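Chemist: Residue-level listing of the chains:
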Amino acid sequence: MKRLLEQLNSTPGVMGSMVMTDDGIPVVSLLGDEMNEECVAAFSSTVRLAANRNAEQLDNQHPYELVIEAELGNLLLIHLDGSLLAVMTHAGLELNTGLLEIRSLARRLREILTIRTP
Amino acid sequence: MGIIESWMKRSRHDEETQKDLFAAGAQLQLLQAATRVSERGHRLAAARLLRAGTIRFHPWPEGETALDQLERTQARETLHSLQVAVESRYTAVDAARLSAALERLGDTSGALGWAHAAIEEDPCNPEGYLAIARGYLRRFRRDEDAVAGLQALRYLTKACQLHAGHGECLRSLAMLLLLLRAPSAAAKVMRPIIRATPSDPLVLALESLAAVIPPENTSNVQELFLRWETGAAPIHNNDATGVIPAPDGFSVWELDGSRALTACSATADQGHELKESLSVLAGSLVQATARIGLGQIGRVTVRSSDGVLIGLAEGDGIIFSHSDRPSTEASLSRWLESDRGREQRR
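Quick note, the sequences are listed as chains A and B, same order.
In terms of numbering that gives the first Met the number 0, the first sequence opens at residue 0 and continues consecutively.
In terms of numbering that gives the first Met the number 0, the second sequence opens at residue 0 and continues consecutively.
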């Protein structure tokens, strides 16, 4: 899992990434020195829960992806089975192409998690 | 008087006396009682009294200092035996106890290491999660740090899920809810512990504190956190809600800087639950991007297989738009980024 996150972090524009459980408990994290693991975990999980609640009411299901664009960077939250992948990118990242690579690595992470939790 | 009657009478009397210690303004009385109990050699009981007092009278610096001294002394005295226990049999409970002692002695990384070891040893045992939650809860109370509060909530929720009736998990969760000024939610959590241990000082303190906080009008814990952090609750005024003209299939909601709904499209759901959850999402996004270090929120896209929700920051507020056809994301986005004709037709 750590190797995949390293690969993810080598994608141009990616600043750091982490995997946490559905309830916001960090599993593996490879965030830069400037980023605080517990802060990213706490707030990623909070936003994800809030988005889940909205999607439950609007779409009757949970979202599979959240893209948050802010002035200094982006935060991508991708649902893995029972877990959440958080990826921080630079503000300039071209989200359409960048997301393709991130989604592809998320799929591989999902496979690992599925193997680990039969 | 029979044995049972005399026992019952004493218990009721003790409970009444202890209750007085948690009445408003009884800090000095409680501190003196704890000192007397400690001098009699019952340091554990004294620590329980003080712990309960620091919850009831929070913030109470004198009580915190006295409790800190007592807990540190206990931790120093038990550290060796806890280390021996961990080395000789290594169970999740031993690791969690050692973690708690190290945490009290200020060795945060050691405490966290042993708590994680407890979780790894037995992921279904709540003790490891509880040990981590305790540290976060202490930080939340002492430093009023929202991150610590959110983390405490995560670990306590996990611990409560693993052992539904665990007394300490429930007491800690009730304490967190009372710090968030949610006495109604705390009362539900406390119900089983009040039944099981009605004269426990911590239970008496929690009950006494819950009685003096006005009941909250939301059951959404994220809303409680946002209110705690901002000191304000959004007020949705149905009569003053404007109308945003929107194409068929698009629902739109506009929220101002206080997270209150100010306008929406004619077909948009205006139910209380959805208004509250959009308000919580707006608040969480603003809070998250700032705290993570990403600056001000610009835009959010929430994709599910049956719909897409786009939020765009506008001034202090956020405008959300939803379509239940994911294939319309691009046109929804274009429409949202355009002037939407709101100003002319509202």
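Please note that a few of the clues may not be correct.
[To be verified] So the derived label-pair ranges between C-beta atoms look like this:
#, chain 1, residue 1, chain 2, residue 2, range
1, B, GLU272, A, SER9, 32 to 38 Å
2, B, GLY256, A, THR20, 30 to 36 Å
3, A, LEU99, B, PRO244, 54 to 60 Å
[As the list claims (entries may be wrong)] SDA-like cross-link-like pairs, simulated, lysine to any residue; straight-line CA separation at most 20 Å:
#, chain 1, residue 1, chain 2, residue 2
4, A, LYS1, B, HIS115
5, A, LYS1, B, GLU119
6, B, LYS187, B, GLY164
7, A, LYS1, A, ILE24
8, B, LYS187, B, GLU228
9, B, LYS18, B, ALA32
[As the list claims (entries may be wrong)] Take a look, some chain A residues computed to stay more than 10 Å from chain B by CB distance:
#, residue
10, GLU5
11, SER9
12, GLY12
13, GLU33
14, ARG52
15, LEU71
16, ASN73
17, GLY81
18, GLY91
19, GLU93
20, LEU99
21, ARG106
22, ARG109
23, ILE111
These are calculated hints, taken from the structure and not from any lab test.
Because the structure is a prediction, the values reported are computed rather than measured.
Cβ atoms here follow ideal geometry from the backbone N, Cα and C, with glycine treated the same way.
Chemist: For every hint, state whether the structure bears it out.
Modeler: These are the hints, each one checked on the structure:
Checked against the given bound of 32 to 38 Å, the beta carbons of GLU272 of chain B and SER9 of chain A, roughly 43 Å apart, lie outside it. Between GLY256 of chain B and THR20 of chain A the beta carbons are some 33 Å apart, a value that agrees with the proposed interval 30 to 36 Å. Separated by about 35 Å at the C-beta atoms, LEU99 of chain A and PRO244 of chain B break the suggested range of 54 to 60 Å. Between LYS1 of chain A and HIS115 of chain B the alpha-carbon distance is near 18 Å, which keeps this suggested pair within the 20 Å criterion.
Between the alpha carbons of LYS1 of chain A and GLU119 of chain B the distance comes to roughly 18 Å, so the proposed pair stays at or under 20 Å and holds. Straight-line distance between C-alpha atoms of LYS187 of chain B and GLY164 of chain B comes to about 12 Å, which keeps the hinted pair within the 20 Å bound. With a C-alpha separation of about 16 Å, the suggested pair LYS1 of chain A and ILE24 of chain A falls inside the 20 Å cut-off, and the hint holds. As the CA atoms of LYS187 of chain B and GLU228 of chain B are separated by approximately 23 Å, the hinted pair breaks the 20 Å bound.
In summary, the hint linking LYS18 of chain B to ALA32 of chain B is supported, as the alpha carbons are separated by about 12 Å, within the 20 Å threshold. A cut-off of 10 Å between C-beta atoms confirms that GLU5 of chain A is not in contact with chain B; the least separation is 21 Å. With 10 Å as the threshold on Cβ separation, the claim that SER9 of chain A sits away from chain B holds: the shortest Cβ distance comes to roughly 21 Å. Taking the minimum C-beta to C-beta distance to chain B, about 14 Å, the non-interface status of GLY12 of chain A holds against the 10 Å cut.
Distance to chain B contradicts GLU33 of chain A as a non-interface residue, since its nearest Cβ pair spans about 7 Å, not more than 10 Å. For ARG52 of chain A, the shortest C-beta to C-beta distance to chain B comes to about 4 Å, within the 10 Å cut-off, and the non-interface label is violated. Its beta-carbon lying about 4 Å from the closest one in chain B, LEU71 of chain A breaks the requirement of being farther than 10 Å from that chain. For ASN73 of chain A, the shortest C-beta to C-beta distance to chain B comes to about 7 Å, within the 10 Å cut-off, and the non-interface label is violated.
Interface exclusion of GLY81 of chain A from chain B stands, the closest Cβ pair being 13 Å apart, more than 10 Å. Every CB of chain B is more than 10 Å from the CB of GLY91 of chain A (nearest about 13 Å), matching its label as outside the interface. Listed as outside the interface, GLU93 of chain A is consistent with that label: its C-beta sits roughly 15 Å from the nearest C-beta of chain B, beyond the 10 Å cut-off. The claim that LEU99 of chain A is not at the interface with chain B holds, since no C-beta of that chain comes within 10 Å of its own (minimum 14 Å).
Against chain B, the non-interface label of ARG106 of chain A holds: every CB pair exceeds 10 Å, the least being about 15 Å. Under the 10 Å C-beta cut-off, the non-interface status given to ARG109 of chain A relative to chain B holds; the minimum distance is some 15 Å. No beta-carbon of chain B is positioned within 10 Å of the beta-carbon of ILE111 of chain A; the least distance is around 18 Å.
Going through the hint list in order, the structure does not satisfy hints 1, 3, 8, 13, 14, 15 and 16.
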